[in-house]
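Enquirer: As a plain string of letters, each chain reads:
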Amino acid sequence: MQVITAENVSKKYIIDHKRKSVKNLDLKQTITQKIKGFWDKSDGENTEKEEFWALKGVDFSINQGDRIGIVGHNGAGKSTLLKILSKITEPTTGSITVRGRVASLLEVGTGFHPELTGRENIFLNGAILGMRKEEIRKHFDTIVDFAGVEKFLDTPVKRYSSGMYVRLGFAIAAHLNPEILIIDEVLAVGDAEFQKKCLGNMRELADSGRTILFVSHNLTAIQALCNKAMYFEKGQLLMQGETNHVVTSYLSRVSKTALKQTWEAPATAPGGDQVRVKRIELEPQYKDALQHIDIRTSMKLHFEFWNMEDGAKLNLSLHLFAFTGECVFNVGTSSRAFEQGVVAATLDIPGHFLNDGSYSISVMIVKDTSTVLYNLEEAISFDIEDHRVGVTWYDKWPGYVRPNLNFEIYQAEIAVND
Amino acid sequence: MGVQETKIEAGYAAKNYWRDLLNNTELLVILAKRDISVRYKQTFLGMGWVVLRPFATTMVMVFVFSYIAKLKSDPGVPYPLMVLSGITIWTFFSNTFAQVSVSILYNSNLVTKVYFPRLLMPLSSVVVGLVDFLVTFGLYIAIATWYQHPPTANILYLPLFVILSLMASLAFGLFFAVINVRFRDVAQLIPFLVQIGFYICPIAYSSSLGQGEWWYKYYTLNPLVGIIDGFRWCLLGEGAYFNPNSLIASVVVVSLFLVFSVYYFKREERSFVDHI
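Going line by line, the protein sequences match chains A and B.
Each residue of the first sequence is one higher than the one before, starting from 0 at the first, in numbering that gives the first Met the number 0.
Each residue of the second sequence is one higher than the one before, starting from 0 at the first, in numbering that gives the first Met the number 0.
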């Protein structure tokens, strides 16, 4: 039986180029701009509005009991689809017919109030997610048990560890008993043991006839949980089918090498009001004429951006991701004040460090060590090839790092045989 | 087992708006409960603040207006009771109005993550305001008993003025709640408006003082004048000054503005998630 049928679903956003960030405009600025715009009609370029289709003509149907993994780059339309399914936003055209109660978990512990106790938050969060009071009462003990917070039921959740917080949030959602469960990237938090518990719980739900839609950058989790997958790119559904098939073709399409991106002028560069990215480049220090990156190759990353604000205290935070979506490492610079102009940074990545595989790099520009001004996501992606000497083992080398550590074996003692 | 079938398409939410609102009354209660229990966490006096503030304000106002400025109260009405009754209804209006104006922003984490009719959020602020009102009203009754000035039969009309005041706070609050999503100026504006309102409304003085002045007819255009005077008349009896004509302005202005605000709110609420 089909539980979700989407027909020609599209969602359009209007990007107003003049007002890049509506959030930061105050009333005075808007009024002055309106007045300016009224007198200055010739200034057409500035007021240009651009249409952006977050989803375009998407058709699909999902059967009852399917566990669907949704993969795709950031901005491919995954989150928009989930928002439409959760009724947070409406499609511009098309329709989705849904049979059964939908529960969506776009965030763990939506609406948790830090001052309220665990007990009070179970009722609050349950009601927010659409549960009736009797239902929450009925499942109360199982929720508490699943989350493992019985001792802290009457403690405000602000005193919870982040693990307890996530466990409680997930436990409530898991007992919603919906016909259709939508989950967005929530397993990224929580420890390994709890992730396992969640995956187990989701599989149980699916076995009892529930349908699950699961978005994650963690392909391992998708492969572990889902029997089918959908692959979105640029607002369109590229592929739908068996999980392994879809994931493999997603990986092969995305693992293109992009070692360099530059922008000519701040106006067209990615960023915000305060910073714009000028250049990001990964420069491998090739060992031989072959010009390919292998595990021995050291690399130098160059990053440059325009700073638009005098005296801004800035620092960078860089994440290197493996293609499964897991973060291999995160490094940050110190924070210091900069004048307007170009700010540059370099990072050395040594050879004999990363294992073979595909990687991507994201760089965050941070102000006052706390506010993320811009996050340049997956700006660089590259493959590292394998290189082995003196080893007679040809299987895939496990792990994300491949350090050349000094690991010696020697005869410590010789047994004396009479 | 009946399986509900939903068709999500453009205009979907608007079509089922009132039904969804009715289905979510439990959530309304729980959001209001949250706001009430959260407010005085980690305070020593707790709910005591609800009565302490109007009580202290009344004492200060009585001192300033009755003892220093030597204003006269309406005949047969103790000055403190006149001030306290005014403050009771004004606090109800202004607190509810202020809470409604920030309700969407205050709940922004919900706006971006779950769906329910957004009108629930301002409505839960109204429920919180009503609970506070009942507490301060208890304070009034206690003090009126102490002054041996029990309410007259006029008190039967009291619910009318409470409802009118509730509608007024919703009418003005909803409008600012929408504006607040895009313009954070509202957060600066509201306390200022409330402060001005405290002086231009007949709270610490009687509006009978303006009778016969040239500006009096403009003064009564303020919808709060009719509400406050009427509320006082219900509690203090015929001695309290109440011009029924000012009530007409209240009813007309409040109803028109409420219809406009609800319409405006409903039209804009679908775009909250894109702008918040």
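Just so you know, the hints here were simulated from the structure itself, not pulled from any lab data.
Model, not experiment: these values are computed from the prediction.
It cannot be assumed that every hint is accurate.
[Said to hold, decoys possible] Computed list of chain A residues with no C-beta within reach of chain B, every gap over 10 Å:
#, residue
1, Asp65
2, Thr88
3, Thr92
4, Ser103
5, Ala126
[Said to hold, decoys possible] Okay, the calculated bits of chain B under chain A, using three or more residues with CB under 8 Å as the criterion:
#, region
6, 64-76
7, 238-250
8, 264-275
Idealized CB from N, CA, C, for every residue including glycine.
Enquirer: State for each hint whether it applies.
Expert: Verification of the hints:
Once the 10 Å rule is applied to beta carbons, Asp65 (chain A) is consistent with being away from chain B; the minimum gap is 16 Å. Non-interface call for Thr88 (chain A) relative to chain B: violated, since the shortest CB-CB distance, roughly 6 Å, does not exceed 10 Å. The non-interface label for Thr92 (chain A) is inconsistent with chain B: the shortest C-beta to C-beta separation is roughly 7 Å, within 10 Å. Remark: the non-interface label on Ser103 (chain A) conflicts with the geometry, its nearest Cβ contact in chain B lying 7 Å away (cut-off 10 Å).
With a closest Cβ-Cβ approach of about 4 Å to chain B, Ala126 (chain A) is found to fall inside the 10 Å limit, against its non-interface label. Counting residues of the region 64-76 of chain B whose beta carbon lies closer than 8 Å to any beta carbon of chain A gives 0, which falls below the threshold of three, so the coverage claim is violated. Evaluation of the coverage hint for the region 238-250 of chain B: breached, as 0 residues show C-beta separations to chain A shorter than 8 Å, against a requirement of three. Figure legend: the region 264-275 of chain B, annotated as covered by chain A; annotation consistent (4 residues with Cβ-Cβ distances under 8 Å, at least 3 required).
In summary, the numbered hints that this structure violates are 2, 3, 4, 5, 6, 7.
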